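*Asks:* Residues per chain, in single letters:
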Amino acid sequence: MTFRTQFEKELEELKLSLIKMGDLVIKNIHLSLHSFIDMNTDLADKIIKDDKLVNQLEYDIEKECMRIILREQPVAKDLRLITSVLKMITDLERIGDHAADISKLTIFMEKNNKPFVVKQVHKMADASEDMIKMALESFVNQDQTIALKVIESDDIVDDYFTEVQKSVADAIRQNNIDADYAIYLMMVAKYLERIGDHAVNIAEWVIFSILGHHRN
Amino acid sequence: MSNVFTINNLNLHYGDFQALKDISLDVERNKVTALIGPSGCGKSTFLRCLNRMNDLIDDCQIDGEVLYHDNNVYDKNYDVISLRTKVGMVFQKPNPFPMTIFDNIAYGPRCQGIKDKTELTKIVETSLKKAALWEEVKNRLKENAMSLSGGQQQRLCIARAIAMEPEVILMDEPTSALDPIATLKIEQLINDLKENYAIVIVTHSMQQAARISDNTAFFHMGELIEYNTTDIIFTTPANGKTEDYITGRFG
Chain A
1 MTFRTQFEKE
11 LEELKLSLIK
21 MGDLVIKNIH
31 LSLHSFIDMN
41 TDLADKIIKD
51 DKLVNQLEYD
61 IEKECMRIIL
71 REQPVAKDLR
81 LITSVLKMIT
91 DLERIGDHAA
101 DISKLTIFME
111 KNNKPFVVKQ
121 VHKMADASED
131 MIKMALESFV
141 NQDQTIALKV
151 IESDDIVDDY
161 FTEVQKSVAD
171 AIRQNNIDAD
181 YAIYLMMVAK
191 YLERIGDHAV
201 NIAEWVIFSI
211 LGHHRN
Chain B
217 MSNVFTINNL
227 NLHYGDFQAL
237 KDISLDVERN
247 KVTALIGPSG
257 CGKSTFLRCL
267 NRMNDLIDDC
277 QIDGEVLYHD
287 NNVYDKNYDV
297 ISLRTKVGMV
307 FQKPNPFPMT
317 IFDNIAYGPR
327 CQGIKDKTEL
337 TKIVETSLKK
347 AALWEEVKNR
357 LKENAMSLSG
367 GQQQRLCIAR
377 AIAMEPEVIL
387 MDEPTSALDP
397 IATLKIEQLI
407 NDLKENYAIV
417 IVTHSMQQAA
427 RISDNTAFFH
437 MGELIEYNTT
447 DIIFTTPANG
457 KTEDYITGRF
467 G
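Keeping their order, the protein sequence lines are chains A and B. The numbers in this note's numbering rise by one with no breaks, and the one at position 17 of the first sequence is 17. The numbers in this note's numbering rise by one with no breaks, and the one at position 124 of the second sequence is 340.
Think of the hints as simulated: they come from the structure by calculation, not from any bench. No experiment lies behind these values; they were computed from the predicted model shown. Don't take every hint at face value.
Unchecked claim - Computed spacing ranges between beta-carbons, pair by pair: (1) B/Q423 <-> A/V140: 46 to 52 Å; (2) A/I69 <-> B/V296: 42 to 48 Å; (3) B/K338 <-> A/L211: 50 to 56 Å.
We treat Cβ as the ideally placed atom computed from N, Cα and C, and that holds for glycine.
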């Protein structure tokens, strides 16, 4: 039995806002990689503009969390949930920044027309997008098992990063890659690797909101 | 950690109704212990056991131990008067005696045989200072205590308890009849007083319990469901019933 239907509604809406922000950053990562591979500067421009929307969502959620704390004075699991949301949006915002960073690289290397596609970069993007999706799913369902899976998945992204690094190094040795492009490609890979780290942070906040303490 | 009270397996019946079921709990010195729970959960009954206020209720049967410094206050020969001197009480509604401010505070010491005017004056001043009321009433000690505001009356009652040099102060919803400013003054006072006393407070305001107490006990239907530090109770309670109650999902 609950006497706090309004409060519960607000918590549900908060979760939905977080999903909305999450969906937008996942879309931006996906498109930013395409903008890079396809050298599509129009798309890159759009993503950079959309990053402002991500930032706006962060501010909106932050404001809503403060409002709920003020009006509802949450305790226990509710307090942990809201605290976790406040931390998670920072990670989501940083993920959004990295999607914009990748798009900016697309614009910098506009004139380079010798793309060197490393399939592991796509795999890295897919894996990190999946990690964010799972992290958000674990949050909405308050499911520790899924959150732990996200944390484990980070190794996969890291392994892909090492493979990309090797492929690029080989291509440099064999003179198969433009020097600037090699640098940009490694930066893209590094951003994707960082995105995986932020997904791990989100999963760790989910675990905190469930257990009330941080994972050792 | 030092305990002023150790309660072991306390059961209390009002006639056939069991109001407290097997309560075991320690009250620590220099700490504020909050008792929370829905109406009728037994928290006020428990509070009243600590200075044997339930003795006044017919049909009230108690078993188990309420150890005050290792002596069971429910032992046959226990000196109840001295217990109530050491374990003072402040009630929900301020209850000053219909006499002057000075005489309210001096009442207890006089009952104890202190007649010396200088000594009584000193006790009155010290007690009012400790209760953060001195500055407001020092020039009107001869006025009737009933002329004070509700918040001042409640601090007067706290000063009256302090005048007996107690070790523990029991408070039964001491701010529920007060406005927010008077409430904050009492809360600040409670925080100051714990330096010298152990305070046990019954409150219906969970925010108040979270603000002012060090330990919180959650009672439900006569049972002690959970007792822990206030930080743990309000962030990571172990029991689902506690969680439901403090988050407002439970009637």
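*Asks:* A separate judgement is required for each hint: does it hold in the structure or not?
*Replies:* Status of the hints after comparison with the structure:
no.	hint	in the structure
1	B/Q423 <-> A/V140: 46 to 52 Å	violated (29 Å)
2	A/I69 <-> B/V296: 42 to 48 Å	holds (46 Å)
3	B/K338 <-> A/L211: 50 to 56 Å	holds (55 Å)
Hint 1 from the list above is the single one not met by this structure.
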